[in-house]
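Peer 1: Residue numbers (my numbering), protein chains in the order written: chain A, 19 to 366; chain B, 18 to 308; chain C, 298 to 556.
Please keep in mind that the hints were generated in silico from the structure rather than gathered at the bench.
Don't take every hint at face value.
From the derived model, a few chain B residues whose C-beta atoms are all more than 10 Å from chain A [unchecked claim]: (1) ASP214; (2) ARG224; (3) ARG225; (4) MET232.
Just a sample of chain C residues kept apart from chain B, beta carbon distances all over 12 Å, derived [what the hints assert, rightly or not]: (5) GLY341; (6) PHE342; (7) ARG345; (8) TYR347; (9) ASN353; (10) ASP354; (11) LEU357; (12) ARG361; (13) THR365; (14) ALA449; (15) THR471; (16) ARG475; (17) ASP499.
For lysine to aspartate or glutamate, the following DMTMM-like pairs were computed, each having C-alpha atoms within a straight-line distance of at most 25 Å [claimed, not checked]: (18) A/LYS359 x B/ASP61; (19) A/LYS301 x C/ASP452; (20) A/LYS359 x A/ASP206; (21) A/LYS258 x B/ASP159; (22) A/LYS70 x C/ASP352.
Don't be surprised by glycine CBs; every beta carbon is placed ideally from N, CA and C.
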Amino acid sequence: MFVRLAALAALALPLLMPQPARAQAKELLLFNWSNYTSPALLKRFEAETGIKVTLDTYDTNEGMLAKLQAGGAGYDIVVPTGPTLKGMIRDGLVQKIDTTSLPNGKNIRAPFDNPDFDPGRAYSAPYMWGTTGIAYDPAPLNGGKLTDSWKEILEPRPEYAGKLAMLADMGEVYYAAAFYLGFDGCTDKAEEGQKILDLLTKQKPQVKLYSASGTIDRMASGETLMHHMWNGSYHRAQVKKPGLLYIYPREGVNLWGDNFAVAKGAPHLESAKAFINFMLDPKNAAEASNYTGYNNAVTGSDQYLNDSLRNDPAVNMPADMVSRLRPTRECSRASLDLREKIWTRLQR
Amino acid sequence: MTAVWRRAALLAPSLGWIAAFLVLPLCLMAYVSTLARGPMGGVDWNHHTADAYVQFLFERDLMDRLVVNTDYLRIFGRSFALAGGTTVLTLLIGFPTAIWMAFQPPSRRLLLVFIITVPFWTNILVRNYAWILLLRTGGLIDTLLRASGLSNEPFSILYTPLATGIGLTYSFLPYMVLPIYVSLEKIDRRLVEAAFDLGASRWAAFRRVILPLAMPGVMGGAILVFVPGLGAFISPELLGGAKSMMIGSLIQQQFGQSRNWPFGAALAFVLFALVLLALGAHQLRYRREAR
Amino acid sequence: MKSLWRFPFTRPAAIFTLVFLYVPIIVLVVLSFGAEDSIARWSGFSLRWYAEVWDNDTMLRTIRNSLTVAVFAMLFGTAAATMAALALARGTFRGKTIAALLLGLPLVVPEIVAGISVLLFFVLVGIRLGITSIILAHIVFVIPYAYLPIRARLDGMDPALVEAAADLYAPRWTAFYRIILPLIWPGIAAGATLAFIGSLGDVVVSYFVSGPGATTLPVYVFSMVRMGVTPVVNAVSTLLLAASIAVFSLSYLVSRSKG
Chain A
19 MFVRLAALAA LALPLLMPQP ARAQAKELLL FNWSNYTSPA LLKRFEAETG IKVTLDTYDT
79 NEGMLAKLQA GGAGYDIVVP TGPTLKGMIR DGLVQKIDTT SLPNGKNIRA PFDNPDFDPG
139 RAYSAPYMWG TTGIAYDPAP LNGGKLTDSW KEILEPRPEY AGKLAMLADM GEVYYAAAFY
199 LGFDGCTDKA EEGQKILDLL TKQKPQVKLY SASGTIDRMA SGETLMHHMW NGSYHRAQVK
259 KPGLLYIYPR EGVNLWGDNF AVAKGAPHLE SAKAFINFML DPKNAAEASN YTGYNNAVTG
319 SDQYLNDSLR NDPAVNMPAD MVSRLRPTRE CSRASLDLRE KIWTRLQR
Chain B
18 MTAVWRRAAL LAPSLGWIAA FLVLPLCLMA YVSTLARGPM GGVDWNHHTA DAYVQFLFER
78 DLMDRLVVNT DYLRIFGRSF ALAGGTTVLT LLIGFPTAIW MAFQPPSRRL LLVFIITVPF
138 WTNILVRNYA WILLLRTGGL IDTLLRASGL SNEPFSILYT PLATGIGLTY SFLPYMVLPI
198 YVSLEKIDRR LVEAAFDLGA SRWAAFRRVI LPLAMPGVMG GAILVFVPGL GAFISPELLG
258 GAKSMMIGSL IQQQFGQSRN WPFGAALAFV LFALVLLALG AHQLRYRREA R
Chain C
298 MKSLWRFPFT RPAAIFTLVF LYVPIIVLVV LSFGAEDSIA RWSGFSLRWY AEVWDNDTML
358 RTIRNSLTVA VFAMLFGTAA ATMAALALAR GTFRGKTIAA LLLGLPLVVP EIVAGISVLL
418 FFVLVGIRLG ITSIILAHIV FVIPYAYLPI RARLDGMDPA LVEAAADLYA PRWTAFYRII
478 LPLIWPGIAA GATLAFIGSL GDVVVSYFVS GPGATTLPVY VFSMVRMGVT PVVNAVSTLL
538 LAASIAVFSL SYLVSRSKG
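For reference, chain A alone in the conformation it holds in the complex (with noise of 0.2 Å):
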């Protein structure tokens, strides 16, 4: 039985082989993290358009990044990070597209029609953004507030001891110890890595674990009273248990923020554009924001926001809280190699 099923299978793989695929036919090619695009907005976009959407996902901008590197890609669009998106325009992974002469590429909000990593927008539109802060419970202070410091997480109180979590990810938490230390974010220096290594040891203790996944579920469920955390997933925290509180601490806040760009070699150029400009629709930008979480960067959205999302100072920022923000930069390699070892020391 089993040597027929065999041969079944030998005379069956080659109608496995994929169909060459016809250029610029009404298709898509979608490289995203899943959940981070609504299905329903996608059906419209499909329905409205008659292009159809091939959505394929990953998980870190490094696997999207090493993908492409290596070459086995194909894809029309990519969703990368500010920094990574600037070695990928420099390494001509991505293509020129001229954003702001879509219809809809004047809508894009300042400061994010001109950011440092693709000046002018011209190959790149933005999508979401967020903070990393910190959220907490304050039910243990009594009716008390933490301050807006990075101390709060970095030594915390004995209330929180034991009970915080911090994100599983060296770049946010190398960035957290040094701006409470006051130093750059991109700090290649051997002493001020010597303090961030010093303090990180130090409150190892404290923490419970070093997670990025889950962390809206730890927090509605009390399993930590603190999280290092996106400001998006605190939203969807705090809406499961009111009370959660979100900290723009005073030192220094990473800003971050994702972009759609359009792949070198894409085969289907025009679709690409269109969906690109389909996203910077106002509407549908705040669709996309209700779906995430997370607060887009089109002019008009906020009138089509959800009420819980327009009410939430953690997504839509106060203005006071803009001197405090960091915006991602692409750092140096000395100082990429430094972080390195300070997360690998840190967990020998």
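Once you have looked at the hints, place chains B and C on chain A.
Peer 2: Same frame as chain A, now just chains B and C:
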């Protein structure tokens, strides 16, 4: 067709496949490990260096001197210990289970093979999340322990190496049970019966009949658990809380955030050499015993 | 069944194994019927996650891809492994150790190294990335999973039987089919099962060697981590469990009715 040719023909598909789609790619990777790293990950195909291998044991201090760095050795040591522990645990649970399975009526045995493997049709991520729910303080096991009065202490093994071990034991259990089971299943019952008839104790029957028959299965199972266990990264991150790094995460990190492909490749070859050494030592001992 | 067969501890151990294996699965299945978008809390019964699976075209496509890949990888991998086990089970010959080590090599290579190197290789020799490229890579990685149980089955088997089969002047194929295959069948079944679940669960290699539209379910699920994994994954897992049980019961009944 001579025996040699027949043997070659039988081996050709598997070895050919592995040679074409793994050995050749690995040669490419071995080449990568001798290259300089690219500015954004990837590699610089034009510059050769032994940096990646030097980095495993040494680092540059502030004065730019090479000093010994034990970080990576510690991570390797921990991974070997954890994979070893997992192998022992799966063996302790899996061996008696396999014996029990092998002595079930034949009509039931296939069903049992199915029952042992069916949980692994589920996604590994949600399987680990289910363990988090079971193990965490205030989770199901904690609640049960306290309700039954067995313990008043909060049950807190989640985010410890023990939790990682439980997760790995869970994931690898079928890979231990099934090889042992199939090597025992062929047992000639008359052999055991005869042993008992001759007045052998259960222990003697176990030692003389069961154990020798099971040995190929135990060896096979141990390889299937220990070797992949070295590279495991999901359970250590989710159940261990990513507090102590394993080889799997370390190598993953080199191709990810650290963007150091040559070092990632070099780590893989160091691991490869160590495993080869371990297997080689085993082979030698095996041969000496056979003599 | 004589009581003589009962070795002490084996029954409790088997019961422990079953409980150990199934408690998390029960938790996982129960949560798939939860109303909340949390895989950590329970608040009422709902089928919303099943509806979501049904509505999610990408997810359905990845499930189909995963099953296709696993079936083909299992068939080819097990066939190759069976042949290898037959070749290596008897006698000693030059290169035997090397052959055995080569068969174990896929286990030693860390997934990410395998994934990237195979991807680099495919790109270099111009193999199109798609479902087929995943199958090609998976076959490599399931070979040891299939090989070791079959080899364990053959080892220590009464050599007379195998010799007899080999020496029969009946067509070799018939001898294999009538004598050897039934003898090693349990090993093949176990090996094929391990190969199947190995392929079905693979994330890293699949991620790298897949092409547009060809990613598998675990890859999709892993990329959900950033935005939060919802019980939709529990629902998919439960559906796969149900499907596997249905297929098994069906084949069981069919084989029974044939006698």
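Peer 1: Quick check: which numbered hints come out false for this structure?
Peer 2: Numbers 14, 17 and 19, in rising order.
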